[in-house]
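> Both chains come to you apart, so use the hints to assemble them.
Chain order of the listed sequences is A and B.
First residue of the first sequence? That's 15 in the working numbering, and the numbers climb one at a time after it.
First residue of the second sequence? That's 23 in the working numbering, and the numbers climb one at a time after it.
FYI, nobody ran anything at the bench for these hints, they're computed from the structure.
Any given hint could be a false lead.
Stated by the list, open to error - Lysine-lysine pairs mimicking DSS-like chemistry, simulated, CA-CA at most 30 Å apart:
id, chain 1, residue 1, chain 2, residue 2
1, A, Lys54, A, Lys102
2, B, Lys37, A, Lys159
3, A, Lys154, B, Lys37
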Amino acid sequence: MFGRLYELYAPLVHGVLLARMPRSEVEDVVQDIFLHALGKLHTLRDANAFGPWIAMIARNRAMDFHRRSRETVEVTDDLKSNDSSGAKAEEILAIIRTLPDAYRETLVLRLVEGMTGPEIAGRTGLTPASVRVNLHRGMKLLRTKLGFKEGLS
Amino acid sequence: MNSKLNSDADYLWDKTGEPDPEIQQLEEILGTLRYQPRPLEIPAGLDIARRRSFFRGVRSYAAPLAIAATVATLLLGLGLWLGLQRLQRSPQQVAKSPETPQVKPVPSPDEKQRSLVAVSSPEPEQKGLLSLLVAV
Chain A
15 MFGRLYELYA PLVHGVLLAR MPRSEVEDVV QDIFLHALGK LHTLRDANAF
65 GPWIAMIARN RAMDFHRRSR ETVEVTDDLK SNDSSGAKAE EILAIIRTLP
115 DAYRETLVLR LVEGMTGPEI AGRTGLTPAS VRVNLHRGMK LLRTKLGFKE
165 GLS
Chain B
23 MNSKLNSDAD YLWDKTGEPD PEIQQLEEIL GTLRYQPRPL EIPAGLDIAR
73 RRSFFRGVRS YAAPLAIAAT VATLLLGLGL WLGLQRLQRS PQQVAKSPET
123 PQVKPVPSPD EKQRSLVAVS SPEPEQKGLL SLLVAV
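So that you can see chain B by itself, here it is in the shape it has in the complex (with noise of 0.2 Å):
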């Protein structure tokens, strides 16, 4: 009996030894169900797909990625005009800035009192005033 099911056993895993009557059976009855070779018929229009190239891969990305470049470059332009126009007023609003000191000439010795009036950037209607009290 156990020399019976190692010959099974054998001829079952891999058909080596003594053949097993009952499974030699089966596989002559189950035999006529086997595989036919058939030719694979591959339809015309069947799109065998590649491995996806890295362009490939872009391409189907193509409308984001336009849309993403076109709102950075019109981000990037609207910053760097910002950034010129700052620069373009910047000068203009230091001589304009009022706390900016400026260089007074050395005073003669009649004009002392005068040297006394600080002297700042005024506003246009401290102007008027400012040119009485040096008068005076």
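This is chain A alone, in the form it adopts within the complex (with noise of 0.2 Å):
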């Protein structure tokens, strides 16, 4: 039954963490966010709620991590990769980053993670016209981004 959960949610949760943390962080993380989960899954009471709870988990712990990183020591530049497509996947991802919250988590589970507007409505609990209107307006600056910056070729 968790198997289940942990099959279907865990791209969530690596979008969730990818839009938000270190590339390098957010392997073991997913991990320990769902053993967290698996500790605390009786105080879920509507087990249809599984989606949005398990991607609040997440948010929570990113902000956890950066706090810790603030108090300990700066987070290393993870971009670095060796082939160049990857190279590039990550400067596409860092610019992301700078995007709104709600836009760079929408754009990475729909670019990254390659879910569609209604899987992420459905996963995230968020209204299809929230997600319709994140994915927009993100792809908007995004796109300005890119273009100011490089362009993508």
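What follows is the structure, given as structure tokens:
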């Protein structure tokens, strides 16, 4: 049962974290979040709210990560990648991370995790209208930033 | 331009309609960062909390409940004991009470004078004096 939830919602948690945290940390934090959720599952009253609940845990975990990072040492730039396509991806992701919170999360779920708008709405608990607005506005900002910077090619 | 925006909107929203080359390119590049399925590694000692049952909830309050029950039992016992004591003491007190009237036997004519003496439950010291008066 929980394994099925993990399969279904791990990409959501991964996307939520990737929009906020260094990629090198994300994989382990995804596991941590699901283990934490497994321990706290009894506190979830509405089973249908699992997606929004675990997405909120992921957002809080990302905030904690940045709080702790600020207290100890500045997060190192993890955008280094051996292959050029990976480097390009990290570069675009870095630009997406500069966008407002709602836009970057929705865009990462759409462009990185490959979810459709209705899927994003269903898993995050946001209304389809909100997701649609976030996607369009976020994409518009991203296009501007990418065009302003260097373009995609 | 307008048709391009509309096709963008459709494709961006639910991947239907005419694909936008820029979005497709972004999907292709960013897709390399996509989540790679990995089995959830659950540590052996992980305490998986279950929904708390009624008895489990009660168990956590066992010590305060036991103390409260003991205090309540003691208070109840004390109350019963005091009540019984009062009940046992009451008949004696009624008999001894100075205000309690006593029925005096019907006096004979020669005892009229003696009947004038109000009879009440006398104190031990007064008892001797009264007996003297009665004798007179």
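> Would you mind confirming whether the straight-line C-alpha gap from A/Lys154 to B/Lys37 stays at or under 30 Å?
Roughly 17 Å separates the two Cα atoms, so the pair holds.
> Given the proposed pairing of B/Lys37 with A/Lys159, does the C-alpha separation stay at or below 30 Å?
holds, 23 Å
> Is it true that the CA of A/Lys54 sits at most 30 Å from the CA of A/Lys102?
violated, 38 Å
Violated hint: 1 only; the structure is consistent with all others.
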